[in-house]
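In order, the protein sequence lines correspond to chains A, B, C and D. For the first sequence, the residue numbers in my numbering are 103 to 429. For the second sequence, the residue numbers in my numbering are 103 to 429. For the third sequence, the residue numbers in my numbering are 103 to 429. For the fourth sequence, the residue numbers in my numbering are 103 to 429.
Read the hints as simulated data drawn from the structure, not as lab findings. From a predicted model like this one, the values you see are computed outputs, not experimental measurements. Some hints could be false.
Note: identical chains are not told apart, hence a pair may lie in one copy or across any two.
[Claimed, not checked] As a list, the in silico SDA-like pairs of lysine to any residue whose alpha-carbon atoms are at most 25 angstroms apart: (1) Lys214 with Val113; (2) Lys274 with Gln333; (3) Lys398 with Gln333; (4) Lys238 with Gln333; (5) Lys238 with His295.
Protein chains: 4
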Amino acid sequence: MSSLLIRNGTVVTATDHYRADVLIRDEKVAAIAASLDESAERTIDAEGCYLFPGGIDAHTHMELPFMGTFASDTFHSGTLAALHGGTTTIVDFAIQTQGDSLEAAIQEWHRKADGHAVGDYAFHCAVTDFNEETRKEVPRVINEHGINSFKTFMAYKGALMVDDRQMFELMKELVKYGGIITTHAENGDMVDHLVQKFLAEGKTEPRYHVLSRPPICEAEASGRVIDLAFQAECPLYIVHMTCEESLARVKAATLRNQKVHAETCVQYLLLDDSLYFQDGFEGAKVVMSPPLRKKKDQEALWAAINQNLVQHVATDYSLNVRSEERR
Amino acid sequence: MSSLLIRNGTVVTATDHYRADVLIRDEKVAAIAASLDESAERTIDAEGCYLFPGGIDAHTHMELPFMGTFASDTFHSGTLAALHGGTTTIVDFAIQTQGDSLEAAIQEWHRKADGHAVGDYAFHCAVTDFNEETRKEVPRVINEHGINSFKTFMAYKGALMVDDRQMFELMKELVKYGGIITTHAENGDMVDHLVQKFLAEGKTEPRYHVLSRPPICEAEASGRVIDLAFQAECPLYIVHMTCEESLARVKAATLRNQKVHAETCVQYLLLDDSLYFQDGFEGAKVVMSPPLRKKKDQEALWAAINQNLVQHVATDYSLNVRSEERR
Amino acid sequence: MSSLLIRNGTVVTATDHYRADVLIRDEKVAAIAASLDESAERTIDAEGCYLFPGGIDAHTHMELPFMGTFASDTFHSGTLAALHGGTTTIVDFAIQTQGDSLEAAIQEWHRKADGHAVGDYAFHCAVTDFNEETRKEVPRVINEHGINSFKTFMAYKGALMVDDRQMFELMKELVKYGGIITTHAENGDMVDHLVQKFLAEGKTEPRYHVLSRPPICEAEASGRVIDLAFQAECPLYIVHMTCEESLARVKAATLRNQKVHAETCVQYLLLDDSLYFQDGFEGAKVVMSPPLRKKKDQEALWAAINQNLVQHVATDYSLNVRSEERR
Amino acid sequence: MSSLLIRNGTVVTATDHYRADVLIRDEKVAAIAASLDESAERTIDAEGCYLFPGGIDAHTHMELPFMGTFASDTFHSGTLAALHGGTTTIVDFAIQTQGDSLEAAIQEWHRKADGHAVGDYAFHCAVTDFNEETRKEVPRVINEHGINSFKTFMAYKGALMVDDRQMFELMKELVKYGGIITTHAENGDMVDHLVQKFLAEGKTEPRYHVLSRPPICEAEASGRVIDLAFQAECPLYIVHMTCEESLARVKAATLRNQKVHAETCVQYLLLDDSLYFQDGFEGAKVVMSPPLRKKKDQEALWAAINQNLVQHVATDYSLNVRSEERR
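Chain A extracted, bound-state conformation (with noise of 0.2 angstroms):
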C-alpha cells in the first residue's frame, strides 16, 4: 500500500483555495486536513505551491493518421508531456475508418495507448461512416467500452464528413442509450469550394488557410448541428469553437431553451489571425481548422467563459508530420 503525503501545499478546487495537507494512499486522496498527523512513505514540501486536481484535456489526437500526415506524439510521449503541465487525463479519438466498425477503432487506439500511456486517457468514438451495422454497434461502444461520447465531422467530405442524415439518425439511437453528440463544425462544402478556387488560383500560401474557412463556415455548422440536436433531444458538444458568429448560434439556441456544450481550445484564446500574414512560410506554424480568429473573437470567448456559456478548454493537440518523420 503506497502512501504520499503533501504538505503545506495551497489546494485549489472548483470553488476554493486553501492550506492544507494532503495524504494519498494507493492514488486516491485520503485525506485533506488543515495538519495531517500521519506519516507516509513519501513526503514532499509544497510550501508556497498550488496543489491543483490533475487537468482533463478533452480533445486531443495521438498518432493521428491525417491527410497523408502523422500527429507526431504517441500515447506516451503526449502524456509525459501532459502530465509535465499538469494534466494528468487526456480525452483522445478513436476514429472509424469508412467500411470497418466502431470496434475496430476502439480496439486500435488501445492497442495505441493501453501499456504506453503514463497519464490517464479516455476516447470519444468518432463515426465517419454512419449505417446499419454501425447503428448496431451504439449500444456496445456506450455500454461495454463506457464511451458515450460520439463524435462526427461536418468537414472533410469524403474522408471523414458525415451528411446530415447520417447526423441526425446517429443522434436519435445515442439519445436511445445515454450517450452524447460531439461535432466538428464547418460547412465542408463551403470550406471545400474555397479550397479548390484558392489552389486553382495558385493561392497557397499559409493566409489562404484562413480565407478559405471563414467564420461563417463554423457558425453556419454549428447553427445546423444546434438544429438537429434540437429536433432530436440529444445532447450537444461543439468542440473548438473559434469564434464570435458561431457562439452568437449557441446563444439564440438558449432562447428556445436549449443547452449546448462548447468547447474552445487555449489557442483561440490567445492567438490571432494576422499570425497567417506574416512572410513567407512562418504562418504554417498555426495551421490549423477551424483557424486563428481575429481580436474581436478572442474577447467573445473570454466573455462566453465568463458568461458559463462555453464550459470547456482542451487543446485540439496534434503535431503533424510527414510520415518519415514520425517519432
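Given the coordinates of chain A, work out where chains B, C and D should sit on it, guided by the hints.
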C-alpha cells in the same frame, strides 16, 4: 389599332385608389383621367367595380412531372384559370433534368407554354445539377433568355436536391451576372429520415406528412441558405415560407444588414394543419411541401407581411394527378 | 377653373416610371396619358425632366422655441424652401406648453402657419404634460382637428419629457380613438447625467455633444417605448432613428409580430460623427439630438430602408438661432 | 477548543460527492478523509446521510416594514428557520429610509440582527435615495462595512424607487470602488398605472395582482437596467427573475459579451399563477412581487439554471403581517 375604354371604375394602384376612366390602346394603358373625352372600339362601364393591375403569381408549376404524377393543368388551362381570378402573369419553373442542360429545360417549358398560354408568363430556371457545363450556361440564361432567377431545392435528395457546394458555387456565378438565387428550403436529409421511419412503421396516413416535415426542417434550411447567400453576397428569394421559425431566420439576418426576399402562399395564410388530422383520407387533399402549419404561424406570416418582411404572396399551384388522369 | 398641362416628362410613381403628359385641373391631377389631346391655360414642356408627386417631410419644426433659441424659419420661409426641393407638404409639431392644453398648442401652431405657409402642412400634436385634462382632449384632437399622431419626448426632463406612466396612459387612450404614438427616444436621465458631468468638467466643445448621447441612450429608450406600445397594443412611430443599436430593437420586435414605424433623417444617412471632432467650433454646425453617428450606423440605416424596416426619411428641420437673430 | 467528528456521511461539494469522515475544530473544517483516526468532543454517525456545506440564501427580508405591514420574522426566528432547512447564511437588505443615510440603515439592520441571529448573516445595502450625500457614503459602505452589493428598486415609485439617473450615477460610483448593482426590475410606472386602473374598477381580488404586473413590466425593466449597466460597465445582479421574457434580455446581453448575474427564487420554480385564480381569497397567500408566472416560465427558469445563466436560487423570504400581528 385596338382600343378599350373602361369608365367609372375605382382604380387601385400600389399606393392609392381613386375613381377614373382608363383608356387602353394596343394592350397598353394610354390614359388615366378623371373623365376621358375619348371614344374607343369598345367601352366598358365599371361603375361599382375595382380596376386592378393584373396580378402576378410568382410561383406556379404547369404540367410538372413529379414523383410519378403530373400537375394536371396545362399552360392553357392554368393561365385561363389564373385570368379568372385576375392573375394575368404566372412565373413557372423550367426544371433541369439531372444530366441534361438548363437550355433543354427552358426549351421544353417554352414548348409547353408558347402558343398555349392565354395569359402572360415567365420562367424561373430550376437548377438540379450544377456542374461545369451548367456553370457555363448561366450568362446565356440571364442574357439571352432573360431569366435571372435560379431555383434550387434543398430537399428531394437524389431527385432535385443540390448540395451546399453546388448552391454556393451557383450563387457565386449568379453574382457575376446579376442573377438571384431562389430556394425551396427544407433539410432534405432530415425529411428523408422521417419519411422512411414512418413508412417503416406503417404510418402512411395523411397526418404523417406534416409530422415528417417539422418546422425546424424548414427553419434550418432557411437559415443555411441565408448564411450561404450572405457569404456569397448573392440576392436570395426563399419560396413558400410557412412558419414562425423560418421567419425568425429572415429576421435574424436583418441584424447583419442582409435583406432576404421571402414568399409565402395563400394556403399558408388561410389553412392550418388541423386538416391533416381529419378522419380517413380527407387530409390528403392538402398534402403539399412544406405542409400547412399552426394558427401561430399564420399570425406570424400576416405580421411579416405587415412588417414588410414577406413581400410576395404566391400559390405554388400544382394540382398533381396520376399520369392516366391528366387532362 | 385653372388648368396646367405638363408635357413629355418622365412620371415617377411609388412603383414605376414612364413618359407621359399630365393634366392638372384645379390643383388635382385630372389625366395622365401617353399623349394628351388637350389644351390648358398653361403648358410646360418637361422634356428631360422627372415629374414626381410632391414630397412629404413628416418631421419639421417651424418657429420652434427651444432652450432659449428659436427655429429661424417661419412657416412662410420654411415651406418656400421646402417647395424649392420638391417637398410640398410638411408635418410640423404643435407642442403643448406644460400646464396648458393641447388645444392651445394646436391653435398657436395654426396661427403660425395659417395664411403664411406657401405649401401644404399638417401637425403632429406633441404631448408634454399628460394629465386628466389632457386625457379628455384626445378624442377632440383626433376627431375635430384630424390629428392622430401624438408625439412624446423621452428626453429633456423637466421641459418636454413625459414619464413612462404618462406615456403608457396616453397610449391606452390613443388605442381607443385610433391614434398613433410618435416618440423621440433617448433616455433623458442618462443624457442629463452625462451632460452635467461634462459641463462640470469644463468639457464644452462640440464633440462632447455626441459623447453625452451614446447610441445606448437611444437604443434603451427605443426598446422601452416598443415594450410599452406592445403592452398597450398601440401603433408606434419612432422619429429620427440614427443607429444600429436602435434598429436592433425594431428588428427584435418583429420576432413577437410587432410592427414599429421607424423614421430616419437625411443627415443620419449622409453625415457622420467625425464632424464633431473637427478643430475649433466647426462641429457646432451639426449639433442635433440625437447626434450624428458612425459609418456602420449609416450602413445599417440604408440596409434598414432596403429591408423595409425604416419606412420614413424626414429632416427634423430646425435651424435654431438666438432670439435676436430671428428672421 | 471545540471539536466535532462526523463519520460515514456522503459529502456533497460543488462538483462531487463521496463518502468521508469530517472533522470540525472551532467551527472550521479541519480534515476530510476516507477514514479519520481522530477523536473529538462529539461524534455523529451520518451513515446514510448527505453532508452539505451550509446553504446561503442571498435574498431575505427580516423585520422588513413594508406598505404598512411587517415581515413577521425576526433575525432570530428567521435564521433559526433557515438553519432547520440547512441554510446557515442569509443575506438581508439594509434599506435606506428616503432622506436618511445608508449608514443609518446599516446601523439599524445591525441592531435587528446582532445578538439575535442564530445563523450567519450579511447585508445588501438598499439605496432608495441617491443624492450627493449618499454618493459620499459609497466607499465607506464597501470598505468599512464590507458590503459591496447595492440594491435598487425600479418599482414602488414614491417609496423605494430610484429613477434612471440615480441608478446610472450609483453604478458609475460603484465601478470606482468595486461594488455591484443589485436590482428589483419592474417598470414602476406601468405597474402603478395598472394597479390604480384595477382599483378604480373595483377589481381587488388576488388575481388582479398578477394582472397588474405582466411579464413585460419585468422584462422591460430588466432590459433597461442591463443597458444602463452595460454603459456604466458595472457588474449587475438582478434579483427574483420570474419569466421567459426577462431571461431573454439576459440572453440577448450575452451577444455583446455582457455577463448578468441572475437570481430566481424557489417559488418561481415550483408554483405557477393558476394559484391566483382560485376561488375566494385563497390566492392572497401567494401575492408577491413579481408574481408567480406560467408553466412555460418555470421551464425557462430551469433551463436557464441548466444553461448556467441563472446562477442563484434564493427565497426573497418575507412573510408580511399587519403590525399588530407581529411576533
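For each hint, the structure was consulted:
no., hint, verdict
1, Lys214 with Val113, "neither (34 angstroms within a copy, 38 angstroms between copies)"
2, Lys274 with Gln333, "within (9 angstroms within a copy, 31 angstroms between copies)"
3, Lys398 with Gln333, "between (31 angstroms within a copy, 19 angstroms between copies)"
4, Lys238 with Gln333, "within (22 angstroms within a copy, 39 angstroms between copies)"
5, Lys238 with His295, "between (34 angstroms within a copy, 17 angstroms between copies)"
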